[in-house]
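Novice: Chains as they are written, first to last, in numbering that gives the first Met the number 0: chain A, 0 to 513; chain B, 0 to 513.
Some hints here could point you the wrong way.
As the list claims (entries may be wrong) - Partial chain B-side listing against chain A, Cβ under 10 angstroms, derived:
#	residue
1	33
2	36
3	320
4	388
5	409
6	463
7	469
8	486
9	488
Just so you know, the hints here were simulated from the structure itself, not pulled from any lab data.
Idealized CB from N, CA, C, for every residue including glycine.
Protein chains: 2
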Amino acid sequence: MTDTTTRRRARSGGGAARRAERGAVSFETARFITRNIPDYEVLGEEALDIIEANAETILEEVGVNFVDNPGALQRWRDAGADVRGERVHIPRGLARKLCATAPSQFTQAARNPERAVEVGGRNLVLAPIYGPPFVRDSVGGRRYATMADFEKFVKLGYMSKWLHHSGGTVCEPTDIAVNKRHLDMLRAHMTLSDKPFMGSVTDPSRARDSVEMCEILFGKEFVAQNTVMTSLININSPLTFDDVMMGALEVYAEAGQACIISPFIVGGAMAPVSIAGTLTQVLAEVLAGVAYSQLVRPGAPVIFGAFVSSIDMNSGAPTFGTPEASHITYGAGQLARRLGLPFRSAGSFCGSKLPDAQAAYETANSLNMGLLSGVNFMLHSCGWLEGGLVASFEKFVMDADQLGTLHQLARGVDMSEDAQAMDAIREVGPGGHYLGCAHTQANFKTAFWKTELFDYKPFETWEDEGARDTQTLAAIRVEKLLASYQAPALDPAIAEALDDYVARKKDAEPDAFL
Amino acid sequence: MTDTTTRRRARSGGGAARRAERGAVSFETARFITRNIPDYEVLGEEALDIIEANAETILEEVGVNFVDNPGALQRWRDAGADVRGERVHIPRGLARKLCATAPSQFTQAARNPERAVEVGGRNLVLAPIYGPPFVRDSVGGRRYATMADFEKFVKLGYMSKWLHHSGGTVCEPTDIAVNKRHLDMLRAHMTLSDKPFMGSVTDPSRARDSVEMCEILFGKEFVAQNTVMTSLININSPLTFDDVMMGALEVYAEAGQACIISPFIVGGAMAPVSIAGTLTQVLAEVLAGVAYSQLVRPGAPVIFGAFVSSIDMNSGAPTFGTPEASHITYGAGQLARRLGLPFRSAGSFCGSKLPDAQAAYETANSLNMGLLSGVNFMLHSCGWLEGGLVASFEKFVMDADQLGTLHQLARGVDMSEDAQAMDAIREVGPGGHYLGCAHTQANFKTAFWKTELFDYKPFETWEDEGARDTQTLAAIRVEKLLASYQAPALDPAIAEALDDYVARKKDAEPDAFL
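In isolation and in its complexed conformation, chain A is listed as follows:
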């Protein structure tokens, strides 16, 4: 396929890669998606105008809280906002004006230069699940995640053809101290994969550690001049920006590193129980957050984020893959494009506890909607289970296989003369069949998306092979991939420097588990 990069060994490029060892095996990774299909737009101009006007009203009248952050309040005062206590009232139009310095598209470098990604425009970058404290597989069941699990997920991500990004906290390594695990997680992304990755946001000091580790991997000068991390800054919806997340944002923005600025909303709990109301609040929050990033450093790369689920009003549980989430995501995509910002939303979302049919319906709903809504950066695009509490090994490879369909959908319809196939239709004629015709012979290998997982065999063969369901096939694929894993080449001096840095940092303070 034309959009796939096949590599046999690491190529030169970037300080790290230039010194990389030769001869290591690598795995095929598709280029990030560039859409050749239109976005789906569920809102008309008038609706968009109303939401934008309402968001400005919220910012001015209700305001947003910047908590425990006198520096932020001062920045807002200097920019012309009306600050009362920790409440920042932003005059109409000010936030949008400040957002104008944020780039509409940016490149995130990877230590393998061929795996750099373009975030924004018509592009879609796929990254794995982020944040779950638990993992699950069919052998071990559901259990707290460990660093060993984390490394397995990074390896699976590295070997997944349709995944462009290694992600961040693919699961929480709960066996490592909270104040030190970011070091191990970053080292795993840097050494076990050569795809781009995310930095730590759980404390400003950990964001600084992330930048310093990147300086070891990429070289200090390279980091100063390039975006090498895209990190996740959640807004404490409704309308609250806490000091930890803002502290991390400040570190990254000052270092020219990218952040997703993302309301985290369970509709009906953290936002109104309506699509229009939720979109209004999402826009107000993103406007304030992105504007703040530009107060820290004009031009800092940021992404318009929207993590939105609906709620089951019986149990209070968040629900995923629902029509309400789809409408909010379609609408948020339109709002992001009008702001000229890259857009993050959607993922392999589901509420199911197992990688079963519920999980797959919900996930497919969300993945399809993510592609059509114009998402530019899809975090959680594989492995998500049980409302994000669990990273599932089997679901990781199931979802990662489905991500191939998004690549093929995004290519649009080939209208070349060969694709029009008039000669084939003339050749075959009424009552014939196309299996052997010249056009089919020339095109069948690349014409259709191919699964690496699903079973299309005849019933009898499938039964003879044990009548295996998708989860069973996925478990086999997980084992097969992990058994064939080989680390991408990395200059041993860099690996050693990373080890030294991690050891030194770990020695510098006692373990903390809170």
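Model the placement of chain B on the given structure of chain A, informed by the hints.
Specialist: Coordinates of chain B only, in the frame set by chain A:
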């Protein structure tokens, strides 16, 4: 919900219903979907023009075969086509001109007048799976379908809130003679459900039987003046119209009854292995088929059908829920709208042998694409398994639950002042929560789509209840629904007349099993 019709008893209307018994319990059925959202259009004007021009070239240069049907050839000759042997060459523009008399929208009546459906325009009517010789459930496994299975599916369809149509051959009752099973199937739809249904197409005489049974159910005059059946006429792709299907089409068109005229295509086998080529052939075939229906009776209601799957080039198996099928369906929807015809495509398609994750990914891909592509009549919208070889009881209720999401998506975004929720955002403010606010209290019951199947319970509760997967929950739901089934009221005289008709017809000829 505003688009749901709740009934406690049969209301008057139509000859049959007027005489219906009072007091019978009924089940809630949603009104057919009327889209308040845009269609997704993957092809530009230029691409559509090319496909339309190429389709005319096919019809003129290559032509189509009408097999064993001298009457059809004579009709084509009279209309100005160039007929050579059984090959009909249709001059450019003739087929499209003939299609102009077909209505862009029609009403299919049901014996319960509230369950009449509007086919065409912005509407979407959902009907169950059609045609499988096997059934499957988690207790009995995969086995040949029987009339008892058939009746169960009709009952489930009747009780499914989001299903508007009872369908036709929901499974093949293989325990009944081939030449008689249409009688039992039609009687089941007529007596066990009050939703609209389909007629038999496996022989012209069986189509005539279908019309006669409708005359008993609705009254002769009503049938003469109303469309009471929508039946499925498959084109023998490529470009071949066989005498059995055309014979049934002739019967229905002459009787003013509706037909779906539908190429049946596994891409790469019955059509070129390219999207543009397949769309060209689909359009040529539908143009010829619809034009022929209008030669039989101008104004006969017909639907632009497109059954399209891709192919696994390794095994030759048809594949479902693939990106290629999506593109073809999006494109075919655009072509149907340009022809001004109702459009049939999509469904709960999957290749999986089990109602597992593969089945659900593939199905969700197809259902979502069906909604956005502007489908007006979705056959196979629930219950499809194993490439259509199997009707699954569990998947029937799983898919039927997901059909609720299509209803909610189609409603679009409410931009009323209440939905804008500015008062709620002002009331809650930064750091608050919406669970108890006035707006949430007023709206939570109807704001979000609700599943009747999926599990959103906390992990511990779910585990205590047996850690059930979707298939297990679905099996319970099937049993529960069937246990609570009560037939819709029907005038005993009509039921008796139907029984007499079926008995008389069965006695008139020996059983045939071929």
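Novice: Run every hint past the structure and note whether it holds.
Specialist: Hints, verified against the model:
no.: 1; hint: 33; in the structure: violated, 15 angstroms
no.: 2; hint: 36; in the structure: holds, 6 angstroms
no.: 3; hint: 320; in the structure: holds, 8 angstroms
no.: 4; hint: 388; in the structure: holds, 7 angstroms
no.: 5; hint: 409; in the structure: holds, 9 angstroms
no.: 6; hint: 463; in the structure: violated, 12 angstroms
no.: 7; hint: 469; in the structure: holds, 4 angstroms
no.: 8; hint: 486; in the structure: violated, 30 angstroms
no.: 9; hint: 488; in the structure: violated, 33 angstroms
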